[in-house]
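Fit chain C to the supplied structure of chain B, relying on the hints for placement.
As they're listed, the protein sequences go chains B and C. Per the working numbering, numbering of the first sequence is gapless, rising by one per residue and ending at 589. Per the working numbering, numbering of the second sequence is gapless, rising by one per residue and ending at 474.
These aren't lab readings, by the way, just hints derived from the structure by calculation. Some hints could be false.
[Unchecked claim] Label-pair ranges, simulated between beta-carbon atoms:
1) Arg-339(B) to His-46(C): 26 to 34 Å
2) Ala-505(B) to Asn-153(C): 40 to 48 Å
3) Glu-105(B) to Glu-268(C): 41 to 49 Å
4) Gln-355(B) to Glu-268(C): 50 to 58 Å
5) Pro-148(B) to Gly-228(C): 43 to 51 Å
[What the hints assert, rightly or not] Some but not every residue of chain B turned toward chain C, in silico, with C-beta under 7 Å:
6) Glu-105
7) Val-106
8) Val-107
9) Ile-112
10) Val-114
11) Val-122
12) Thr-125
13) Arg-129
14) Ala-245
15) Lys-246
16) Arg-280
17) Ser-306
18) Glu-484
19) Asp-488
20) Lys-523
21) Tyr-526
[Claimed, not checked] Simulated pairs of lysine to aspartate or glutamate, EDC-like, Cα-Cα distance not exceeding 20 Å:
22) Lys-186(B) to Glu-60(C)
23) Lys-120(C) to Asp-488(B)
24) Lys-186(B) to Asp-91(C)
25) Lys-299(C) to Glu-307(B)
26) Lys-186(B) to Asp-184(C)
27) Lys-303(C) to Glu-307(B)
28) Lys-195(C) to Glu-532(B)
29) Lys-134(B) to Asp-427(C)
30) Lys-255(B) to Glu-60(C)
31) Lys-187(B) to Glu-60(C)
32) Lys-120(C) to Asp-516(B)
33) Lys-198(B) to Glu-161(B)
34) Lys-340(C) to Glu-365(C)
35) Lys-304(B) to Glu-198(C)
36) Lys-120(C) to Glu-532(B)
37) Lys-255(B) to Asp-56(C)
Just so you know, these numbers come straight off a predicted model, no measurement behind them. The C-beta atom is built at its ideal place from N, Cα and C for all residues, glycine as well.
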Amino acid sequence: MPFLIENIYEVVLAIIIFVLLGTGALVILTIARRQRRDKYFQRIDDLRQRYSPVIASILAQKIEYERGLEILRGISGMDRDYALEHLCLEKKPTPDQVPTLRKLCEDLGLVKLWQLRLRGGLDVASIRDALGRPEGVIQRVGTLSFLSRAKAADNLGIIKHQPSWKLLVRALGDPHADVQAIAVRSLASIQEPESFASLVSRLQEIIQKPSETLSLRTVKTALVSFPLSQMSALLPSLRHTHRRVRFFATDIIREVVERQAAWEEDFVLDAKNFPAELTEVFLESLAFDENPDVRARSSAVIANLSDARSTPVLLTLLEDAQWFVRMHAVRAMAKRKFLSQAPQVARRLTDSHWTVREAGARTLLVFGRVGSEQLAQHFLSTEDRYSREQIADEMQRAGLVPTLIAQYGAEREGASTRVIDLMVQMGKTSYLIWAIENNPSPEVRKKFLVHFGEEPDPQIRTWVSHVASTDADAALRTLAGELIRIPEPRRGEG
Amino acid sequence: MEEWRQVFYHAMNMFNVLIVSYFFLANGTYTLLMIFSLVSVWVHNRRLGYLTADDLRESPVTPPATIIMPAWNEQEVIVESVRSIMRTDYPNLEIIVVDDGSTDDSLNRLVNAFRLIKMDLIYRPRLATKAVRGIYVNPRLPNLVVISKDNGGKPDALNVGINICRTPYFCTLDADCILERDALLRLMRPIVKSPENTVASGGIVRILNGCEVQDGKVVNVSMPKGAIERFQVVEYLRSFLFGRTGWDLVGGTLIVSGAFAVFHRETVIEAGGFLHDTVTEDMDLIVQIHRWAVHHKRKIKMSFTSDPVCWTECPAKMGMLGRQRRRWQMGLCQTLWKSSEMLFNSKFKAVGMLSFPFHLYVEALGSMVEFLGYFMVPLALMFGMVPVPLFIMFVVLSLVYGSFLSVGSVLLEELTYRRYPSVRDLMILLVYAVLENIGYRQVVLYYRVQGVMKFIFGFRQWEKVTHLGATP
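Extracted from the complex, chain B is given alone in its bound form (with noise of 0.2 Å):
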C-alpha cells in the first residue's frame, strides 16, 4: 500500500508555494536592505565630509565654539539627533577634548535626549527616528528598548556627563543586563566620589546573592578605575564579615596600588595618600585573615607601605602556610627596596611548590646584580634538584646565558665556571652551545672545549664535531678533532 494522506498533492503544493513565495521574499529583502544600507552610508558619508571638519576644528579649537555650534544645528532630517550622534562620538575623545565634546552634546540638546531615553521616556527625537529609519523604533519600544537605554548610558559615559551620575547610579537596578553594566562602565568613566559607594553596595550584594545579570568582574572593573583617593570607602568592606567581600575590597586596592606603583617609579604608601586606618587593617588585620585569598592579595599593598612595620609582616607572610599566599609575598617583594631581603627571598627557592620556586627566581633577578649572585650562590650551593631545575630554567628565560659565557670568558675558575659546569652536568646545555656558537672571540670557545669537550652530553659531541670541521681557528679545529677522536669520554668512565 502506498503511502499517501489525503489532498497531499495539495499539501505538498502549498508548503512549495509558501517556501518559494518565502525564499523570493528572502531575496528581496536582502537586496532592498542592501540598497537602503547604501543609502544610509552615503548619507552618513555626506554628513561625515561636511560636518566632521568642523567637530574636529571645534575640539582643537581652531574655530569659535558659538560658530561651529551654528553649522551643526543646521543639520537636518528625520534622523537628525541619530547622524549628530553618530558624528560626535564616531572618533573617542582624548582626555582634553571631553570637556568641550560635553558641552557640544549639551548644547546640541543631545545630552537631554540620552537622560530621558535612559529613564525609558518616549521623545520626539525616537518618532521623528522611527519615521525615518524603521529599525529605530524597534529600538525604542518594547523588550528591545533596552538598546536605546544602554546606548545613553554609553554615551554619557563617553562624554563624562558628571550630573548624569545619579542617573546611572539608578540605572545600576535597570530591568536589563546590558544596561546595567554599561551603566557601571559610564559611572567608573565619570568618577564621580559619590557613585563610588553605590558600586561598592552593588558589589558587595553581587558577592552575597550573585546576580543574574552582572558579573562580579564587570564591577570590580569599574571600581579599580577610581583613584587611591577614594579607597577609603572600602573600609567597611575590608572590616566585612563575610570572607569574600573583604577578598575583593582587598583586590581592589592592590589592583589600583599596582597601578599606581607602575606609573610613579618611587611610589609608596604613605599618610598622604593611604589613610591610617586603611594601613592598619592592612598591617593588623588582613595580613593575617582566615581567609587565604585575602592574605595573598594584602601582600602587593603591603609591599609598597612605607611604615616600617610592613617588611616583618611580608617575611611572616613568606613563611605561610598556604603556597599562593608565600607566591604573592615573594612577587610582591620584587622592589629593590627590598634588597637587604634577598637572602630571605632565597630562602623560598627551595619552597615545595614551583609556583613559589619561580617566583623566588624572578624577584632575586629583579634585585640585579645582588640578586643574581645570590641565584648563582644558591644554585651552587644547594642540594634540592627542583630548585637547580628552577633556577636554571629562569637564567634561561631571563637571557642571562650568554652574560654568564661572556663573564666566564674573562674569569679564572669563578662562580660562572661553576655555574656553566653544573649547567652541563644537569643537562642545560642547549642555551650554552647557542651562546658560544655566537660569542665572537676564540679564547672564549677554545677555553669552553678545553673545559668541557669531553663532556658525554650529545649536544656538546655535536658541537666539538661542528668546531672539528668547520671553525675559522684552525687550532681549535685541531682540539676539537683531538677530543673527537677521543673514543669514550673521560666522565664517562668514571
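Frame of chain B; chain C shown alone:
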C-alpha cells in the same frame, strides 16, 4: 513469494515515512534556528554599538590569555601566521606554537624568523603527551614560545600547549587562520562579562579564499572565484550565523570550532584535555566538558558569539573537500557514539534533550537516510508505491526548502555584518545560495556518507587537508 512482496512493500513504506519525517524534522529545526538567529544576531549587532572592545582592552581585570597554535608541515604559512597573531589586540597575550614533528622546514623558519634559541626548560606534563624535543624562546620576545615535539596529532599538540600554558584561558587557533585584530578581545567578552561560569567561547570562522591579505591582515573581502569555494561561503554562513547562534540561544552549544575558540584551562585539564580517540577533537572536547560538568555537578556555560572573526582557507578542490567532510562526519559519529549517555538525558538540559538528539538523528544518521532516499524513493516510484507527481513535488520541495534556508543565511549576513561590500558579491552569494542544493549538496552528502561508513568500519586516521596558500 507474496509474503516477501508484502514485506518489501512494508519496508519501502516504512522508509518513505522515515524520509518524510527526516525532512520535516531537519528542515523544521533549521527553520526554527534561522528565526531564532535572525532575532538574536540582529540584536547582537545592535548591541555592538555600545559593546566596544575598549573597556576589555583597558581593564586591569581582563584575564591574560594564550593563543595555542598547533602546526604540522605548515612551512608556507607558519611565520606569517605567527606574525599576524603577534599583532592581536589583547592585553597580556602569550603565544605558544606547537610544531607537531613537522617533516618540512616549519621549525627552522620559525627559529630564524624570530631568532629563537633552544632552551632546556622544565616541562610539566599535566596531560599525557608525546615527548617534547625542545622549547624555543627568544628572551627579547618573552610572550612567544615555540615547542617542537614528536608527531602525535593535533589533540596531542594542543595538550602540549596546554601543559606549557600559564594563563587561565587559552585560545586554539589553526596555523592557516588569520585572526581579526580585536577578535580575541571580542571572544573573551562573554567570559569576562557573563555572571555565569563561561568555560568555552567560540567565534565565527569565515572563508579567506578570494580575500586580499596584507601583512597578515584581511584588507579586502570578496567572493572566491571557484564554485566549490563559493558554495562553502554560503555553507559557512548558514552553519555559523544561524546554526551555532541558534543552538547557543537555547543553551545547546555542542560544537565550537577548534580553529578559533577560547577555553578555560583548568576546566579543560580536569575534563581530560583533548583526547585522541576521535578525529574532531574540538567537538569531542565540548561534549567531554559537558559530561564532566554534569558528573561533577558544576554549573558551566558555553558561548558562541557571531562578531569575533577568524579567516580560514577552505578546500578549493573536490578531493580536499571530500577529505575534510569525511573527517568531520566521522568525528561527529565518534563523539556522539562515545557520549550516548547524553541522549535525551535531562541532566544535560538543552544539550541532552535537543542538541544531542538533533546532531545524532539529523546530522549524523540523517545523512544516511537522505542518501538512501536518493535510491529508495525512485525505487518506490518504479514499483508504483509513490505517484510520479508526488515524487516530483517532493523533490522540488526539498530543493526549494534548502534554498530558502541558504538564502535566509545570506539575509542574516546582510542584516548584520555585511562583510561582502560589493553588490556583485551579494548577487553571487544569492545565486549560490539557491544553487547549493542542486549538485553540491548531493556531493557533500556522498562524502558525509563515506564518513559514516568509515566510522562504522573502524577507520581512525586523520586525512590531512592541504591548502593552496591563500595566506601569504
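Here is what the structure says about each hint:
For the pair Arg-339(B) and His-46(C), the beta carbons lie near 32 Å from each other, so the given range of 26 to 34 Å is met. For the pair Ala-505(B) and Asn-153(C), the beta carbons lie near 44 Å from each other, so the given range of 40 to 48 Å is met. For Glu-105(B) paired with Glu-268(C), a C-beta distance near 59 Å fails the hint of 41 to 49 Å. In this structure, Gln-355(B) and Glu-268(C) break the distance hint of 50 to 58 Å, their C-beta atoms being roughly 31 Å apart.
Restraint check, Pro-148(B) to Gly-228(C): a C-beta distance of roughly 44 Å satisfies the suggested window 43 to 51 Å. Evaluation of the Glu-105(B) hint against chain C yields a violated restraint, the C-beta minimum of about 10 Å exceeding 7 Å. Look at Val-106(B): its Cβ only gets to about 10 Å from chain C, farther than 7 Å, so that hint breaks. Evaluation of the Val-107(B) hint against chain C yields a held restraint, the C-beta minimum of about 5 Å falling below 7 Å.
A distance limit of 7 Å between C-beta atoms decides the matter here; for Ile-112(B) the minimum to chain C is near 9 Å, and the interface restraint is violated. Interface restraint check for Val-114(B): the shortest CB-CB distance to chain C comes to about 5 Å, inside 7 Å, so the restraint holds. With a least beta-carbon distance of about 6 Å to chain C, the hint placing Val-122(B) at the interface is held under the 7 Å criterion. For Thr-125(B), the interface hint holds, since its Cβ comes within 7 Å of a Cβ in chain C; the closest pair sits about 5 Å apart.
Hint status for Arg-129(B): holds, given a least beta-carbon distance of 6 Å to chain C, under 7 Å. Taking 7 Å as the C-beta contact cut-off toward chain C, the hint placing Ala-245(B) at the interface holds, the least distance being around 5 Å. Interface hint at Lys-246(B): satisfied, since its Cβ lies 5 Å from the closest Cβ of chain C, which is below the 7 Å cut-off. Below 7 Å, beta-carbon pairs count as interface contacts, and Arg-280(B) has one with chain C at about 6 Å; its hint therefore holds.
Evaluation of the Ser-306(B) hint against chain C yields a held restraint, the C-beta minimum of about 5 Å falling below 7 Å. Annotation: Glu-484(B) was flagged as interfacial toward chain C, and the flag holds, the nearest CB pair being 6 Å apart, inside 7 Å. Below 7 Å, beta-carbon pairs count as interface contacts, and Asp-488(B) has one with chain C at about 5 Å; its hint therefore holds. Evaluation of the Lys-523(B) hint against chain C yields a held restraint, the C-beta minimum of about 4 Å falling below 7 Å.
Of the supplied interface hints, the one on Tyr-526(B) holds, with its beta-carbon coming within about 5 Å of a beta-carbon of chain C, less than 7 Å. Using a Cα cut-off of 20 Å, the hinted pair Lys-186(B) and Glu-60(C) holds, with the two alpha carbons roughly 17 Å apart. Of the pairs offered as hints, the one joining Lys-120(C) and Asp-488(B) holds, with about 12 Å between alpha carbons and a cut-off of 20 Å not exceeded. Restraint check for Lys-186(B) and Asp-91(C): the C-alpha separation of about 18 Å stays at or below 20 Å, so the hint holds.
About 19 Å separates the Cα atoms of Lys-299(C) and Glu-307(B), which keeps this hinted pair within 20 Å; it holds. Our distance criterion of 20 Å between C-alpha atoms is met by Lys-186(B) and Asp-184(C), whose separation comes to about 17 Å. Under the criterion of a C-alpha separation no larger than 20 Å, the hint pairing Lys-303(C) with Glu-307(B) is consistent with the structure, at around 13 Å. Between Lys-195(C) and Glu-532(B) the CA atoms are separated by roughly 50 Å; this puts the pair beyond 20 Å, and the hint is violated.
Restraint check for Lys-134(B) and Asp-427(C): the C-alpha separation of about 18 Å stays at or below 20 Å, so the hint holds. Under the criterion of a C-alpha separation no larger than 20 Å, the hint pairing Lys-255(B) with Glu-60(C) is consistent with the structure, at around 17 Å. Using a Cα cut-off of 20 Å, the hinted pair Lys-187(B) and Glu-60(C) holds, with the two alpha carbons roughly 13 Å apart. Annotation: proposed proximity of Lys-120(C) to Asp-516(B) holds, straight-line Cα distance about 19 Å (limit 20 Å).
For the hint linking Lys-198(B) to Glu-161(B), the alpha-carbon distance of about 11 Å falls within 20 Å, and the restraint holds. Simply put, Lys-340(C) and Glu-365(C) have alpha-carbon atoms about 16 Å apart, close enough for the 20 Å limit, and the pair holds. For a cut-off of 20 Å, the pair hint linking Lys-304(B) to Glu-198(C) stands: about 13 Å separates their Cα positions. With a CA separation close to 13 Å, the supplied pair Lys-120(C) and Glu-532(B) stays within the 20 Å bound.
For the hint pairing Lys-255(B) with Asp-56(C), the CA-to-CA distance comes to about 15 Å; that is within 20 Å, so the pair holds.
Hint check: violations occur at hints 3, 4, 6, 7, 9 and 28; the rest are consistent with the structure.
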